[in-house]
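*Asks:* Residue-level listing of the chains:
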Amino acid sequence: MSDYRRILRDGLWDNNMISSQLLAMCPAMAVTATATNGLGMGLATTAVLVAANTLVASVRHLVPTSVRIPIFIVLIASLVTLVDLALNAWLHELYKVLGLFIALIVVNCGILGRAESFASKSTVSRAIVDGLAMGIGFTWVMVAIGAVREVLGSGTLFAQAHLLLGPAFGFLELELFDGGALLMVLPPGGFLVLGGLLAAKRVLEASRQRRGAVAAQSA
Amino acid sequence: MSGHRLLDRLHATIPFQAGMLALTVMLATASLALADRLTRRPIAEAIAEDTRRSLAQVLPADSYDNDPTRDIVHARDGDLAVTVHVARRAGVPTGVVIATRARGYGGEIGLVVGVSRDQRVLGVRITRHAETPGLGDKIELAKSDWVHSFAGRHLADPDAARWAVRKDGGEFDQFAGATITPRAVVAAVKSSLELYRREHHEWFARRDPS
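Chains as they are written, first to last, in the working numbering: chain A, 1 to 219; chain B, 220 to 429.
Looking at chain A on its own, in the form it has when it is part of the complex (with noise of 0.2 Å):
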């Protein structure tokens, strides 16, 4: 059970799939620009993260290591297709939304970072909770990387939202004022706050580290 807990604690914060690994930087920059962007493209990746480590996890006994990283690949492109196909074809509305995200999905390193490091060597039940765990975790810094540059450069939090979300989720739609910084919104932008974020949890864990050595003394 510890296992499992040690899992989603790895994806949500101490081995972050951004924050720490500094992987999937090509999708974190590209499409952050907005909370909802970043919503979109988490939950699509979420998904292909969840099906890439459970296939990776059930044919690890026959994959030779030599040839490991070719067949990943494959294994990993041909299902982000088979994604795009069957969306297209059968979920056309949401396809019209998330369309855009799902070809960017394949340039994701972070997806083969998993199906190498976690997946090719664990059992696929781990398998499945490490990729929910570490896809969890990329949704919720794209959100909050799209929505610190939504809210600097657009001034809008969650723009678009009912698109992505339905009708019902038009209430997270919020107008806070007009213009911003347009910086924000272009690739610099991105690195701004990826810099930021990245700085501000060395300050959060240095922080509580001191904390616990203190703790640590006085006992």
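It is worth saying that the hints were derived from the structure and are not from the lab. Hints are not guaranteed to be accurate.
[As the list claims (entries may be wrong)] Sample of chain B residues lacking proximity to chain A, with all beta carbon distances greater than 12 Å (derived):
id : residue
1  : Ile233
2  : Ala249
3  : Arg307
4  : Gly325
5  : Ala397
6  : Phe423
[Claimed, not checked] Listed next, the in silico SDA-like pairs over lysine to any residue satisfying Cα-Cα at most 25 Å (straight line):
id : chain 1 : residue 1 : chain 2 : residue 2
7  : A       : Lys121    : B       : His419
8  : B       : Lys362    : B       : Gly325
9  : B       : Lys362    : A       : Lys121
10 : B       : Lys362    : A       : Thr156
11 : A       : Lys121    : B       : Gly325
Here the structure is a predicted model, which means the values were calculated and not measured. Using N, Cα and C, we set each Cβ at its ideal position, and we do this for glycine too.
Once you've looked at the hints, dock chain B against the given chain A.
*Replies:* The following block gives chain B in isolation, referenced to the frame of chain A:
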């Protein structure tokens, strides 16, 4: 146990490694080919349905009683093959919708341009694109009402030099952080109007096939 050991020994041999790689690629290719076969029709139907809906958006509902998705002419705009949908009421042409393409920032942009008989833009809609989310995707009506800025325009309004985005000295807004996308769309709309002026006599000379 001995089964596992056999597998371990096999893993170290090159023919097994090559074979596994080949098998993976073969299975992947087969499943993709199968998926392509299964999804080709539904995707084509979904796209046709999208076309029907976008035609209905750029043509006034009372301007046609035919099926413009069937009443089509294949025309050429320079190197570009475009589809012209003719709208007729009681057999008389009332306008066209030109389904054309533009080269955007993230690849091709599909758009439909409705043109009335007096050579004005009835409406413009983007049918597909892969522009940057949050920047270039404001050409979608769902994200911004920018495409409405074409409605009612014709080749003399604005004059030829001002059929461009503001950055190029024209009349149409670009988006903050994205100029290539609106520039491509403006050029495609202008080109469609010119195509209409050049060729509409030919298009309307045909009989309605439907």
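*Asks:* Now, for every hint given, state plainly whether the structure supports it.
*Replies:* Here's how the hints hold up against the structure:
no., hint, result
1, Ile233, "9 Å, violated"
2, Ala249, "10 Å, violated"
3, Arg307, "29 Å, holds"
4, Gly325, "9 Å, violated"
5, Ala397, "10 Å, violated"
6, Phe423, "33 Å, holds"
7, Lys121/A with His419/B, "66 Å, violated"
8, Lys362/B with Gly325/B, "17 Å, holds"
9, Lys362/B with Lys121/A, "44 Å, violated"
10, Lys362/B with Thr156/A, "13 Å, holds"
11, Lys121/A with Gly325/B, "38 Å, violated"
Going through the hint list in order, the structure does not satisfy hints 1, 2, 4, 5, 7, 9 and 11.
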